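Sequences listed follow chains W and P, in order. Position one of the first sequence corresponds to residue 4 (our numbering), numbered consecutively onward. Position one of the second sequence corresponds to residue -13 (our numbering), numbered consecutively onward.
In case anyone wonders, no lab produced these hints; they're calculated from the structure. Because the structure is a prediction, the values reported are computed rather than measured. Note that CB positions come from ideal geometry on N, CA and C, so glycine has one too. Be aware that a few hints might be false.
Restraint ranges, calculated between C-beta atoms of paired labels, are given here [claimed, not checked]:
id, chain 1, residue 1, chain 2, residue 2, range
1, W, V131, P, E5, 58 to 68 Å
2, W, V131, P, R314, 26 to 36 Å
3, W, V131, P, G41, 48 to 58 Å
Computed, partial: chain P to chain W, Cβ under 10 Å [stated by the list, open to error]:
id, residue
4, L341
5, F379
6, Y380
7, L381
8, L386
9, D387
10, L394
11, I395
12, P402
Far from chain P, some chain W residues (derived; all Cβ distances over 10 Å) [said to hold, decoys possible]:
id, residue
13, V11
14, R13
15, V50
16, A55
17, L63
18, G125
19, G136
20, E137
21, G162
22, L168
23, A172
24, D208
25, G209
26, V224
27, F228
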Amino acid sequence: MRVEDKLVLRGVSFELFPGQIYALMGPNGSGKTTLALALAGHPAYRVVRGQAILDGQDLLSLPPHERARSGFFVAFQQPPEVEGVRLREFLRLACAERGKGFCDFHKAFPTSLTRLHMEEFGDRELNVGFSGGERKRAELLQLYLLRPKVALLDEPDSGVDVDYLRLIAQVIQEMAEMGTAVLIITHYPRLLEHLPPTEVLVLLDGQIVKRGGPELAWTIVKAGFEAVRE
Amino acid sequence: MSHPTARLSREFVTQLSWEKNEPSWMREHRLRCLELFEKLPMPRFGPDLSELDLGDLMYYARPVDHVSRWEELPEEIRRTFQALGLPEAEQRALAGLGAQVDSEEVYRSLLSRLRAKGVIFTSMEQAVREFPWVRDYFMKVIPPDDNKFAALHGAVWSGGTFVWIPEGVEVEIPLQAYYRMQTEGVGQFEHTLIVAERGSSVHYIEGCSAPRYSQVSLHSGMVEIYAKEEAHVRFTTIQNWSKNVYNLNNKRAWAYAGARVDWVSGSLGSKVTMLYPTTVLLGKGARTENLSFTFAQEGMWLDTGARAIHRAPGTSSRLVSRSVVQGRAKSVFRGTVSVAPEARGAKAHMECSTLLLSPEARTETIPVLNVENDDVEVGHEATVGRVSQEQLFYLMSRGLDESQALSLIVNGFVSPILKEIPLEYAVELRRLLEMSFERAVA
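All chains should be modelled from the sequences, with the hints used to inform the complete structure.
Okay, structure coming up:
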């Protein structure tokens, strides 16, 4: 996969199963965010070769909005501010586009707000003036409402204080229990204490260099990323 | 009318007045205006008007006869008005409705209970013939020598509406006029005159549209409003002219003591628009709000603005503009606040924001503040923003297609103005916005 003609990711291959939680770990600059944005269809990233199959369909052949409609979701590490667009208006549309009869927005939206302790955010402009932690919760709010089949969460815990860290872990756990395949992208496994992953993937220099169980995360904490390179 | 060509000349103007059976004061007024028109220079600011050949326009056209029921209109026009929802709106939401095609009115109605209260809602021609006192109001707010197009209008005006609201009468639902330019190469010059007597209130809405032709046409209407003591007049215009129309208007109001005048303008169409609704705050405590929304698309130049002229103590004004520019287009906002020495304690607030949707989009904001006393509160803000690829991608990553994402952002941006527009027009505006995004994205 290329960004501005630089090859960034190579030979990255993995499988995610419904209801399971996975961790993708790697140092800064290893290509984690690039992978998430490329899968979501960001126009700056070009996939040279490969496939991303969801329910028998190659996501890479679809424009970004159709990837989302088919049940693919990325929680952004740094979601942008969108002035004038209220969370409620935006998510009403997103919910409707997720599929006919998919969500009873009238009920689901307040429920989601309450679940993320964001009751007063419904009529706020999207991410405008949100703190780092509030943005993360707003991403999780969208995840919770849109109930995707596959969710890539790009550092959902950075900038989040301890109390909300627990909340975020609970919400992710709940999503998995409802059948979402969750891939948590992180370089520091604080969140993984609450959410033992089925599998840990280690990304270094654009390649997956190691796979293992939850214990791999703790090895990395102790010995660093280079120590696990095979 | 017996002028198949109807080019601009002294003979034409005399004949027009003759056929409208006008009193001599109006005939003289027209001829005086024509002389002024010939002397006055073209506007020395704003858009390029060089493609507008004033010698080549048809100054009068009457393709459709006046009817008393919608069903009697020729099919093409009837279908247009139906598609615009006019007959339906008349039944549901309006106190009165007038419709004009090219130079003449084709339909008019007014609720009988308003007629019984003495409200006058009639064609401008009829008012000139029937009420001699109209002379005291006609082109007094905007005198003929104000500018070249005011003079031109004064010479060739045809159609439009005269509204008189008696003292203390509140017209709770809007009156509406609809202007359609149907004939290729025509000029439309309707005159709207609203006199709201002491303590009365009225909301007047005008809508405009035209089929697209290759030949240039001109719309140069004039609106004059008198809001007497404590009266409230709200004037809403939704303009969706086709891209061959030069839309050069004059709109001005006098607000007496305690009166309130609100202008709400939505400019979505035309090749070139020049529109600067003005309120002169003549009496103590008079107020004005001027809300403008423009959407400049490929090839358009929308030159709009708002003026508040404070001439009395305790007057206040609020000028708010939101402009969206797409493709190779330009929007200019000229906001002027003048405060006279005697207007002590005046308050003025001006706020203009522009959203650029393409790299070629151009915008300018030209605020002018003339403050001649030191007991005033004047505020001014201006912002220009762009829709970023990151914002679009973010919204799309949640399942919105590009035109949905774009129109959500634009709708959010213009919502401070849209919420001031009556619901059914706001819905229509949103629909027009969405349609143009779908076209742009395709």
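Results for each hint:
1. Taking the beta carbon of each, W/V131 and P/E5 are about 60 Å apart, inside 58 to 68 Å as hinted.
2. Checked against the hint of 26 to 36 Å, the pair W/V131 and P/R314 passes, with Cβ atoms roughly 30 Å apart.
3. Between W/V131 and P/G41 the Cβ separation comes to about 53 Å, which falls inside the hinted range of 48 to 58 Å.
4. Interface restraint check for P/L341: the shortest CB-CB distance to chain W comes to about 9 Å, inside 10 Å, so the restraint holds.
5. With a cut of 10 Å, the hint placing P/F379 at the interface with chain W holds, because the nearest CB-to-CB distance is about 6 Å.
6. For P/Y380, the interface hint holds, since its Cβ comes within 10 Å of a Cβ in chain W; the closest pair sits about 5 Å apart.
7. Interface restraint check for P/L381: the shortest CB-CB distance to chain W comes to about 7 Å, inside 10 Å, so the restraint holds.
8. Given hint, P/L386 at the interface with chain W, holds; its Cβ is 6 Å from that chain's nearest Cβ, closer than 10 Å.
9. Restraint check, P/D387 versus chain W: the minimum CB separation of about 5 Å is within 10 Å; hint holds.
10. About 5 Å separates the beta-carbon of P/L394 from the nearest beta-carbon of chain W, less than 10 Å, and the hint is met.
11. Among the interface hints, the one on P/I395 holds; its C-beta lies about 6 Å from the nearest C-beta in chain W, closer than the 10 Å criterion.
12. Nearest Cβ of chain W to the Cβ of P/P402: about 9 Å, under the 10 Å cut. The hint holds.
13. Annotated as non-interface, W/V11 keeps its C-beta farther than 10 Å from every C-beta of chain P; the closest such distance is 17 Å.
14. With 10 Å as the threshold on Cβ separation, the claim that W/R13 sits away from chain P holds: the shortest Cβ distance comes to roughly 24 Å.
15. Distance check for W/V50 against chain P: the nearest CB is about 15 Å away, which clears 10 Å, and the non-interface claim stands.
16. With 10 Å as the threshold on Cβ separation, the claim that W/A55 sits away from chain P holds: the shortest Cβ distance comes to roughly 14 Å.
17. Its beta-carbon lying about 14 Å from the closest one in chain P, W/L63 satisfies the requirement of being farther than 10 Å from that chain.
18. At roughly 15 Å from the closest C-beta of chain P, the C-beta of W/G125 stays outside 10 Å, upholding its exclusion from the interface.
19. Residue placement check: W/G136 keeps its beta carbon more than 10 Å from all beta carbons of chain P (closest about 18 Å).
20. Taking the minimum C-beta to C-beta distance to chain P, about 16 Å, the non-interface status of W/E137 holds against the 10 Å cut.
21. Consistency note on W/G162: stated as away from chain P, and its beta-carbon is indeed over 10 Å from all of that chain's, at 18 Å minimum.
22. No beta-carbon of chain P comes within 10 Å of the beta-carbon of W/L168; the shortest separation is about 24 Å.
23. Non-interface status of W/A172 relative to chain P is upheld: no Cβ of that chain comes within 10 Å, the nearest being about 23 Å off.
24. Here W/D208 stays apart from chain P, with its beta-carbon at least about 26 Å from theirs, past the 10 Å limit.
25. Non-interface call for W/G209 relative to chain P: holds, since the shortest CB-CB distance, roughly 22 Å, exceeds 10 Å.
26. For W/V224, the shortest C-beta to C-beta distance to chain P comes to about 31 Å, beyond the 10 Å cut-off, and the non-interface label holds.
27. Every CB of chain P lies more than 10 Å from the CB of W/F228, the least distance being 28 Å, so the non-interface label holds.
Figure legend: structure checked against the earlier numbered hints; every hint is met.
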